[in-house]
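Participant: So you can see what is in the structure, the chains are spelled out below.
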Amino acid sequence: MPFLVWLQQTAIARWVGESPSIWAYPTILALHTVGLGIVVGINAIVDLRLLGAAPKMPVTALDVLYRPMWFGFALNAVTGCLLFAAGAEWTGVKPLFYVKLALIAAALVLAVRIRRSILESDAEAALTGRARALAVASLVLWAAAIFAGRYTAYVGS
Amino acid sequence: MTAFVVWLRSTALSQTLAAQADWLWALSESLHFVGLVLVIGCAGFFDLRLMGLMRNRVSLAAARQFIPWAQVGLSISLATGLIFFISEPQQYVVKAAWWAKVSFLVIALANAVVFELVFGRRLDDLDARGETPASFKAIGFISLVAWLAVLYFGRMLPYLEPGLNSNL
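Top to bottom, those sequences are chains A and B. Be aware that the first sequence starts at 1, since it is given in my numbering, and climbs by one per residue. Be aware that the second sequence starts at 1, since it is given in my numbering, and climbs by one per residue.
Honestly, the hints are just simulated from the structure, not real lab data. There is no bait here: all hints are sound.
To be clear about the criterion: a stretch of chain A counts as covered by chain B if any three or more of its residues have a C-beta under 8 Å from a C-beta of chain B, and this derived list gives those stretches: (1) 13-26; (2) 33-40; (3) 51-59; (4) 139-148.
To give an idea of the interface, some chain B residues facing chain A are shown, with a C-beta separation under 7 Å as derived from the structure: (5) Glu-29; (6) Ser-30; (7) Phe-33; (8) Val-34; (9) Leu-36; (10) Met-54; (11) Arg-57; (12) Val-58; (13) Ala-61; (14) Gln-65; (15) Trp-69; (16) Leu-151; (17) Arg-155; (18) Met-156; (19) Tyr-159.
Derived DEER-like restraints, expressed as beta-carbon distance ranges: (20) B:Arg-121 / A:Gly-156: 51 to 59 Å; (21) B:Arg-122 / A:Arg-14: 54 to 62 Å; (22) A:Leu-51 / B:Val-114: 29 to 37 Å; (23) A:Ala-106 / B:Leu-27: 16 to 24 Å.
Just so it is clear, CB atoms sit at the ideal spot from N, CA and C, and this is done for glycine as well.
With the sequences and hints as input, model every part of the structure.
Facilitator: The structure is reproduced here in structure tokens:
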């Protein structure tokens with residue numbers, strides 16, 4: 001695809017992908033993994049709490065975690081775009097990569113919905129079956145996104 | 001170390017795992033990341049609370065209740081990490097990045113054990129919303145840096161030069 005070819009030839013994409021510097025591809029990839037830990041780790045904390053873990057943790061206090069969660073997401077949006085550009089011709093033609101993006105989008109929509117409909121309402125809501133169902137769905141979506149991301153490196157186009 | 005690697009590769013377990021690499025590697029890597037997420041999320045949350053962040057909203061005892069889930073994550077990552085190491089030990093022992101990763105893992109674990117032994121029982125007596133003592137801040141900071149270093153050097157494994165005598 002012409003767009004993917006153009007993208008991978010841009011100066012920034014070539015620096016990320018072709019520079020021998022440890023600060024190019026390897027460090028950007030490591031930062032992407034740090035962001036993964038922040039985003040999915042925080043969502044796991046919220047989901048586990050809604051499923052009954054850590055009863056001393058007030059459900060209404062879980063919203064303090066959303067600001068660092070969005071920081072982690074911003075880090076991964078930026079590093080993810082750089083990593084994609086560096087390998088656009090290969091990654092951009094793999095359907096599994098777009099499955100990963102769709103899973104992340106769905107999981108983020110769910111994270112916002114959990115905050116609005118459960119964390120910001122009274123704590124009682126956390127004990128309902130609906131809250132548990134949303135938490136399970138969130139955990140499944142994030143785990144699936146991790147698997148899709150990892151398997152993207154293995155599958156062909 | 002050479003003798004150990006040669007012995008390990010000669011074991012049936014190592015050869016069986018290596019023979020299954022086509023499907024086992026990608027699956028184990030994915031699970032390794034799932035474990036990483038639980039460690040960074042749950043241990044990182046407690047570390048930040050130890051350092052005094054979020055203290056107006058979250059008690060130490062509450063943040064500490066997620067530690068068992070960090071242990072679940074660590075178990076998943078250790079088990080899958082052992083699959084990589086037992087399959088291909090010669091890839092790892094020659095890499096400075098791997099030794100750095102293992103060293104920071106030992107530091108993170110020792111730090112956690114010291115915390116539990118020295119402060120574990122006293123945690124519940126502390127003012128739930130109060131400022132944490134300097135010793136807690138130091139332990140939380142060491143833990144956070146050590147776990148991020150484990151992640152960093154792990155992710156760098158394919159990219160950093162061996163850095164050690166690699167005649168295996």
